[in-house]
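So the sequences go chain by chain: A, B, C and D. Here the working numbering is used: position 112 in the first sequence is 112, and no number is missing along the way. Here the working numbering is used: position 156 in the second sequence is 156, and no number is missing along the way. Here the working numbering is used: position 179 in the third sequence is 179, and no number is missing along the way. Here the working numbering is used: position 50 in the fourth sequence is 50, and no number is missing along the way.
In short, the hints are calculated from the structure, not lab data. Hints should not be assumed to be uniformly reliable.
It does not matter which identical chain is meant; a pair holds if it fits inside one copy or across any two.
Claimed, not checked - Dumping the calculated BS3-like pairs for lysine-lysine here, alpha-carbon to alpha-carbon at most 27 Å:
no.: 1; residue 1: K56; residue 2: K268
no.: 2; residue 1: K268; residue 2: K50
no.: 3; residue 1: K64; residue 2: K268
no.: 4; residue 1: K64; residue 2: K94
no.: 5; residue 1: K205; residue 2: K126
Okay, here's what each chain looks like letter by letter:
There are 4 protein chains.
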Amino acid sequence: MIKVGIVGATGYTGEELIKILIKHPHVRLTYLAAKIDKEEPIDKIFPHFKNRLDLKCEIFDIEKAISRADLFLLALPHTVSVKIAPLFLNHKKKVIDLSADYRFQDTGVYEKWYKVKHGDKTNLKKAVYGLPELYREKIKKADFVANPGCYPTAAALGIIPSLVSGIINPDSVIIDAKSGVTGAGRKASIDFFYSEINEGVKAYKIDTHQHMPEINQVLSSVADKKVDVTFCPHLIPMNRGILETIYMKLNKKINYAKVLEIYKKFFKLEPFVRIVENDAYSTKSVAGTNFCDIGLKVNEDKGLLIVVSAIDNLLKGASGQAVQNMNIMCGFPEESGLL
Amino acid sequence: MIKVGIVGATGYTGEELIKILIKHPHVRLTYLAAKIDKEEPIDKIFPHFKNRLDLKCEIFDIEKAISRADLFLLALPHTVSVKIAPLFLNHKKKVIDLSADYRFQDTGVYEKWYKVKHGDKTNLKKAVYGLPELYREKIKKADFVANPGCYPTAAALGIIPSLVSGIINPDSVIIDAKSGVTGAGRKASIDFFYSEINEGVKAYKIDTHQHMPEINQVLSSVADKKVDVTFCPHLIPMNRGILETIYMKLNKKINYAKVLEIYKKFFKLEPFVRIVENDAYSTKSVAGTNFCDIGLKVNEDKGLLIVVSAIDNLLKGASGQAVQNMNIMCGFPEESGLL
Amino acid sequence: MIKVGIVGATGYTGEELIKILIKHPHVRLTYLAAKIDKEEPIDKIFPHFKNRLDLKCEIFDIEKAISRADLFLLALPHTVSVKIAPLFLNHKKKVIDLSADYRFQDTGVYEKWYKVKHGDKTNLKKAVYGLPELYREKIKKADFVANPGCYPTAAALGIIPSLVSGIINPDSVIIDAKSGVTGAGRKASIDFFYSEINEGVKAYKIDTHQHMPEINQVLSSVADKKVDVTFCPHLIPMNRGILETIYMKLNKKINYAKVLEIYKKFFKLEPFVRIVENDAYSTKSVAGTNFCDIGLKVNEDKGLLIVVSAIDNLLKGASGQAVQNMNIMCGFPEESGLL
Amino acid sequence: MIKVGIVGATGYTGEELIKILIKHPHVRLTYLAAKIDKEEPIDKIFPHFKNRLDLKCEIFDIEKAISRADLFLLALPHTVSVKIAPLFLNHKKKVIDLSADYRFQDTGVYEKWYKVKHGDKTNLKKAVYGLPELYREKIKKADFVANPGCYPTAAALGIIPSLVSGIINPDSVIIDAKSGVTGAGRKASIDFFYSEINEGVKAYKIDTHQHMPEINQVLSSVADKKVDVTFCPHLIPMNRGILETIYMKLNKKINYAKVLEIYKKFFKLEPFVRIVENDAYSTKSVAGTNFCDIGLKVNEDKGLLIVVSAIDNLLKGASGQAVQNMNIMCGFPEESGLL
């Protein structure tokens, strides 16, 4: 049983972390903080927590925080985490950061895409990229994990088996992504007003989204060569879910059965990746779960592999994966609190 | 053919006014203004107007405005209209104000519910409440019309035939209203973020909504005695539409056929009120139209009349009714641009 | 640990029962059946159960069924349960029936509203109406529970404290209900096609819904006199949730604080009823939970009490309440599997 | 002024045709028929037409039909049109068929993808494929037009300028399409139940959709060589709209400005195609209009052109385009009834 705190408890990923942790068998939630005007019971902010969690959401104070918990989940906006994470790390606390601040080993890439200087190269070196399917052994030993972005998680899991098995041309990867609106965070913006989103589908940041370099980093690291994907995200009128349809040129003649075998083998021991064989693939199958579902389609004539990768953006795409990382770091069964 | 200007062109009611007026056979849209940082083509603000309207949305300037149009539609927030309307009226321009600023003959009521002083009692006296079904003759002669609120329009049309025919007890009226989100206006607010609205229905401002005194004013004026309704609004995950379910105690034994006759007779000549006889009543039947649909249900045993009144909140509840008023003021056929 | 079977596993309430029971600490799910053409793994029917439940959904066979489980949940349409329940009861199995077939003690009422003869008056006498907040002691001893309807659950919990405390006039009750679409069950019907529901709110079965007599039965039983409410349901474009806005005439001068005290006291020991004090009441606060949230508003001048009662129609309104009843019948902690 | 009849008036495209034609300045709607049990006023079927159209929807009868109108719009399911169209053509009536039955010049392709024999090769030869941007001159002279499918319309308009200008590799075309649910027609099916669609996005018929060969036919005809695209459709929780994101390899070094010029030039005189330059492209800009909006993005490093093509599937994707074709066939201004 460990004591856990959440900083940034009032956003969508913070709310989801609370939902998971109040049912987690090895965790006691002991500290909540957020950028708010005055401290308030969490069930004033999220009324659904009434009678389920008796805890205040406080104004962040590092001294109070470190006295109250052993491990901290930072559900903060980009550029804020980089100021908060070092405070905890200096006090030997374990930290899982859900922002982008510690995801890029090359600060030049971070600074180009996020348009700010990176102020903490020291801790950046210690940060482990928290994709368990790739880096489980490192995560086990880590005190500081940078939790992956939502789009990159679905993309990496959908692409990597093909990439490492060498069946696709890394330069041919096209990712057409569709996301629900919670992916944008919980902020007042006219662009996310209900009626601006409802009854429309929108392509945005075409080939210029800040998750593209993150996808490229993880794929390049696996391929051991520079990979440069094409990435086009779309906003869908729904709360939760990401579906990525990934188009890749095959390097050689290979049939569906063989590709299926490659994917099944790659993820054989993974508790949260399912290779599915259906006629259609929907985010509904993963909604409310920490699973990533992967479907495959091969067109042998065209030499094309189409992969559909689906996650719940707030779970495997954020808070669920953060808890999965916490479980690994703390030696808990990896599924704890997530089934 | 008259020249028309819109002040407040970037909100939902402004956008809807433009949509109507670009197809209106007797109107040329010649001036658009809004609270914006710099002037821009209207199709930059609303891309769907590209190739449909070649007009700039300007920063409001009274001199420019009066030189460019004969009649002005003010699609402005409450408390702003009261500063703008007098400028036009002083220049002998016709004005239709879509805000609440000139709806209340008793400024005390306005000041109590809108929490601000009313600064223009002079023009208030000239303002005609623009509900054509009640005040068509006054509107014909008016230069200044206060366009009714969305909830009050549906309520008044649903209740008045019963009230004037004396079949109901005025003290028994309960209005349970359901509205789409555009009724709240187009503003950045976390409360209207897509995922806060989607997958939920919410009762708000129970018995305390600022449209309640407006409903009471119009009903009292018709009944010639003080009417005090119960009003409870609900927010529905949809863009457009209001459905009000109205419960009223009958004063006397009366059957469905007789009540139906009263309503049909009352609205016999009205172009935009339809008495409907279905099993179910949905806002879908009025979406995108200027109609108010009214359905009736009588429970003789309980002595209860249930009226369902449905409108499109942006049309009969705002911009459509404003154009209907404009048509009446200008002597155009009342349906012009609205069918 | 008991073995549980579900008959009618492919509908929305069946799916929800499975979701709850695979996490339930005292239950093993051992039998699933439904009206299907051939038996299939449940994860073929609901792909989200892949890797979460390895069980087939079978064609119903009473011999197989009774050999496989101790307690059966019937998630069947009305008129079907009455044929299936006796088979289990004859074999001394515990049964919780989610249909309306055993809810009415007076078969005349059932036959009038459901338009069919009732063929099992013997077992009807043994059926306990499964509203734990009223009948917990009877449920403890019962082998056969008739699980309440969704609308009646929200109505009963919202009204009963007022009724038993004598503060309201029983003849004045008006229930304006708003429900998501899963309340209609999972069936192919053009009326529930996505685009028929989306972007509209609909009043239907006004004062004629088959849940009205069920509400009247439970209220009359509590009041010990005939209660006859007015009930008007509405269909909302959302998957889950019921919000009922209930209007009642107060019998005497009483203020908000006193009414609040009555409700708090009445539900003091209830694990799944929360009296909430907010500005607004949304189904979002209860979505995905077994809670019923109740909000109160008193208008002393008008002598009116407005109660807002919110539930998740598939949980407290159906499957969650069924599991709550199962927990009570089996002596498990009442919250098991439901928090 | 011509008299027009609609066969298949009760589906979504039929309803939309009625909406357009009741406002059309050169048309009188004189005949409606559908597969129904008994004839009914159209406002019983679609209540929103009350007071807007006083016409019965009849059981189809060819003798009645031909006596009542000069031109017929067939809004029928595939395989039904092929039985109805010849009846009208034999009587020298003009026909616009919205089904797929007469879109394929090669019946082998039709029979392979629609799994039925084609029984009317005689009239097939006379059918002109009704994409005005390509075949306006043929449509002018035609008596029989096969109206294109929704996906093919958006695809063709988005791809053809690149194809005819030779800047892209025809074998590289990948079309990732997102559609609202009305594209599936109005039919009772559990797959389109509101809650099956809401809160999910689904990839379906991946690389196997029956609109793919239609896209290939029109592109091949333009390219004068066999084009074989990759097409993956997705179902979005919204009523109307199609957005296609199209990925194509460039044949040569070419920048954005040059591609933009090619598209602008190609569609210079087209009333219903808009080349737009925004940061994001949404179906909202075309909802309720007959426009096709096209946005462009060039990645010179990767030699990739991304085209976003958006239409309203019921207008430019079906009924709007049918009326556009009718206007061309009848010598009316092409925009009549469509602005």
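Hints, verified against the model:
1. K56 - K268: So K56 and K268 pass the 27 Å test across copies only (23 Å; inside, 42 Å).
2. K268 - K50: Cα proximity of K268 and K50: across copies only (14 Å, versus 40 Å in one copy).
3. K64 - K268: neither (43 Å within a copy, 34 Å between copies)
4. K64 - K94: Within one copy only: 16 Å inside a chain, 53 Å across chains, cut-off 27 Å.
5. K205 - K126: Cα proximity of K205 and K126: none, with 31 Å in one copy and 45 Å across.
Comparing the model with each earlier hint shows violations of hints 3, 5; every other hint is respected.
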